[in-house]
Structure formats: C-alpha cells, structure tokens
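Quick mapping for you: the protein sequence lines, in order, are chains E and L. The numbering of the first sequence is full-length UniProt numbering, which starts it at 1 and goes up by one. The numbering of the second sequence is full-length UniProt numbering, which starts it at 1 and goes up by one.
No wet-lab data here; the hints were simulated from the structure. Glycine residues also receive a C-beta, built at the ideal position from the N, C-alpha and C atoms. It cannot be assumed that every hint is accurate.
To be verified - Covered by chain L, per the in silico footprint, the following chain E stretches (three or more residues, Cβ under 8 angstroms): (1) 75-83; (2) 102-115; (3) 200-210.
Claimed, not checked - So the derived label-pair ranges between C-beta atoms look like this: (4) E:R63 x L:K15: 33 to 43 angstroms; (5) E:S10 x L:L215: 21 to 31 angstroms; (6) E:D71 x L:G212: 29 to 39 angstroms.
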Amino acid sequence: MIEVKDIHKSFGDTNVLKGITATFKKGKTNLIIGQSGSGKTVFLKCLLGLFSPEEGSIAYDGRDYAKLSGDERRDLRQEMGMVFQGSALFDSMTVEGNVMFPLDMFTKKSKSEKQERVDFVLKRVNLLEARDRFPSQISGGMQKRVAIARAIVMNPKYLFCDEPNSGLDPKTATLIDNLIQEITEEYDITTVINTHDMNSVMEIGEKIIFLKDGLKEWEGTKNEIFKTDNKAVTGFVYSSELFEKVRKMYVEERN
Amino acid sequence: MSYLTSIGSYAIMIKEVFKKPVKWRIMKSLILKEIDELMYGSLGIVIFISFFIGAVVTIQTAINLTNPIIPKNLIGFTARQSIILEFSPTFVSIIMAGKVGSYITSSIGTMRVTEQIDALEVMGVNALNYLVFPKIVAMLFYPFVIAISMFVGIVGGWIAGVFGGFLTNAEFSEGLQIDFKPFQVVYAFIKTLVFAWILATVPSFHGFYMKGGALEVGKASTTSFVWTSVLIVVMNYLLTQLLLN
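Using the sequences and the hints given, assemble the complete structure.
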C-alpha cells in the first residue's frame, strides 16, 4: 500500500502539485487521470522518488520515503517496477538482455536461475519467441510487453505505468491493460497507472483519482465515474463523443 | 549566472560518477565496449588524418625553406616538433571532439530523450556511474591513440619528404634527432591525458543534462563539440605556459 499525504511540488514559481492526499491499495489497479498539465506525470515521478516533494509524505507499506537512508531508498527502488510511456527499453540490448538487466544488476543468482526467471516472465507476457530481437525490431505493443516483463522480473511490490497505452491500437491497448491487471492480481502488487485513456478507465479502473490543476478533484471507481455530477470529471470523461453517446444511452435507460 | 550553474552541475556530475559503482563484472564489459567504440573505432580516422597532415607539414616546410644556407635536416626537425607538440595531441583531440564527443553526447542524449536514463534511475542504478565512468576509463587509452598518431604522422612526413625528393632519408632521420628533449614528449602526453578527461566528461555532461526531443539532441551535440574544442584550446594554452615556459 502507498499512502500519500498532502504533497506539494513546485518548479520555480509554478506550483504543480498543491496538496494531494491519496491511498493506493495492494492488489488493485489504481488509475490517475486528468488533462495534460494537471500534474499527473509530476505526481507519478514523486511516487517513483524521481522528484522530492517540498511538503507532505509518501509512505510505502509504512516506510516514509523522506526518512529513509540512501541505501534504504536504493533497496526500496528495487521493489518498484516502472513501465514508461515510450517503453524506455535499452536499444543496445536484446529483449532478453533488457529483461535480464535488473537481475544482473541487483541479484546474486546463478546464470541458470536468472535464465529461468527471464524465461518465466517472457512466457508470462507471451514473448519467448522474440527473445533474441532488438527493441527496434519489434512492434510498439511488443515493446510495451517487454517493458512489463522487465518491470516485473524482480517481483516488485509496486508497479507504476506512465500512459502504457499511448500509441497503441485499441486491441493491443486492451491486451496491455488486461495484462497489467492480471499481473497486479496474480502477484498482489500495488499498481498505479497514469493515463488519459478512457478505455483503460472502463477496463481496469478499480480505483480512479482525477487530478485538476495540481489538486485531487475526484476519487472513485469505474462504475462511479459515469454517475458523478462533478463538472470537471464529466467534462473530461465526456469530451469524447463516444462516451457522451454512452452517457446519453445510460441516462435514457435509467429514465 | 548560467555558466556558474553549469560549472556547479558539472562538478556534481563528476562526484556522482564515482559514487555507488555498478558491479565490476558488468562494469568490465561496459569498459571493453567503450574502448572498442571510442578508441579502436577512432583509429582509422586518426591514422588517415595523421598520415596526410604529417606529409603536408613536411612538404610545406620543404617548399618554404628556399635559403640554401639552412640545412635540409630542419625539415625533419620541424615535422617532428609540429607533430609531437601540437598536431597529434591538440588537433587530433579537436577532431576527436567531433567524432567521439558528438557520439557520446548524442548516445547519452538519446537515452535521456527516450527515458532510458529515467529507467536506470528508477531501478536504483547510478546512471552517471553506469554511463560516464566506462567512458572515462576507456579514454585513459587515449595516449596510445595519440602515440600512434605521432608515429604515423612522422612516417607520412618521411614518405612525402624522401619519396617526394625534398630531402634524403639521412637528412630526415638526422632532423628527427636534432635537439630532442624527452620532456616535450612527456608534455605532449600530459596534455593528451587532460584532453582525454575533457573528451569523456564534457560531452557526457551535455548529453546527460539535455532537455527536449530529437532536435535538442542535435543541438546538444553541436554545443558539446564547441565547448569541448574551446576547453581543449584553452587548456592547451594554460598547459603550455605551465609546462614549457
């Protein structure tokens, strides 16, 4: 579980996060949604420890990040997995090399143990056949699956995903969403996903936090988001014509 | 003010490069890869340029020494002094700022743009140590490249001078040995090591701290080349004042 208490973050004179409090539970897919510039990415980077908030605290299963020593922070980082928007795979390494990288860096496992673990996660994301290819030789959807494999190879307690569906076709996007949700449940991970893809909200939004201008505007589940009267949320959700039609149908059905 | 900030950031970067080292087994392979990319990969261009510059320096000297009182062995002497003192350590370093420096800035800059550096940091890897330290170690082999450049430059001068009919083999050999001061070679290699440090760290700094997208990677490579060249030229002047004056 990750507990965020009243975090503030600014860059120069610009206050990006103005006091956000939230709790992300274990075994659940938690979504952070909001328009561009709402502070989603900065919030996620604070959760990852890449940015230090000026005020407030972030605790990972009771461990306050600000109070940890350098070594403790490094150990905590190894409990985190991250899927970047652009996958962020290492160009010079094969698919297998990318997934093997965290094991080589941080474990004392034998070569065969590491190989066994890599085979297991590659099989889990259905990429065993692409193990010897380089990132430039595989599709965007496959790159995302490699990024997921790399993120889970160390058995993380916390999984963070920044716009995991960006640039993917709807079918592949759904596949990635489902894979993340399955992995979250299977390994009992605390997953936080940064997205503005409403399909993801519909598919896997077990808990949704809506950010607006650096503040938490709304919090709820995928079922609640279509019933809320919060104008900022409805404005965001129904900016898509498709969802507006769905809403009208829903209202008509209800009446 | 921005220059002071950059100098401060550079100092912090250097401190970070030597902190929290990556496992030696991994570092060893990274160092070997960088030696291959930065040093072995540069030998071709260094040998090619050194040979022809050595030849041109000899021909230019021979053509300009028209006074019959001046001994012809001075052509060999001038070629040796030009190549050992300036051409190989300084001008080859400026060429390397274009080749190696641009490669370092663009490769690290691309990793920044594509979030690969963020990925390393999230995993808990000291990205500066992982990316920059192997380059610094690889550049310790730079004096060997410069030694090859000196040798090839003199060979180029000898071929152009002797086979071009400007002087005899004996005159060129005699010229190479006239007034030889071993410290001048030491001076050249001290300069080379300082330039190696600049060539490894300044482009890394520009790549690591760049912001933006693909266009900015190109701009960072250009800026890196300019600053690396400027620093090489300034350090060349300072070291010459300190060591030879």
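Cβ distance range 29 to 39 angstroms for D71 (chain E) and G212 (chain L), holds or violated: holds, 34 angstroms
Whether chain L covers the region 102-115 of chain E (at least 3 residues having a Cβ closer than 8 angstroms to its Cβ atoms): holds (count 4)
Beta-carbon spacing of R63 (chain E) to K15 (chain L) - inside the hinted bounds 33 to 43 angstroms or not: Violated, since R63 (chain E) and K15 (chain L) (Cβ atoms, about 27 angstroms apart) do not stay within the stated range.
Given coverage of the region 75-83 of chain E by chain L, checked by CB-CB distance under 8 angstroms (3 or more): Satisfied; 5 residues make the cut.
Cβ separation of S10 (chain E) and L215 (chain L), checked against the hinted range 21 to 31 angstroms: About 28 angstroms separates the Cβ atoms of S10 (chain E) and L215 (chain L), which means 21 to 31 angstroms holds.
Chain L over the region 200-210 of chain E, status - at least 3 residues with CB closer than 8 angstroms: violated (count 0)
Hint check: violations occur at hints 3, 4; the rest are consistent with the structure.
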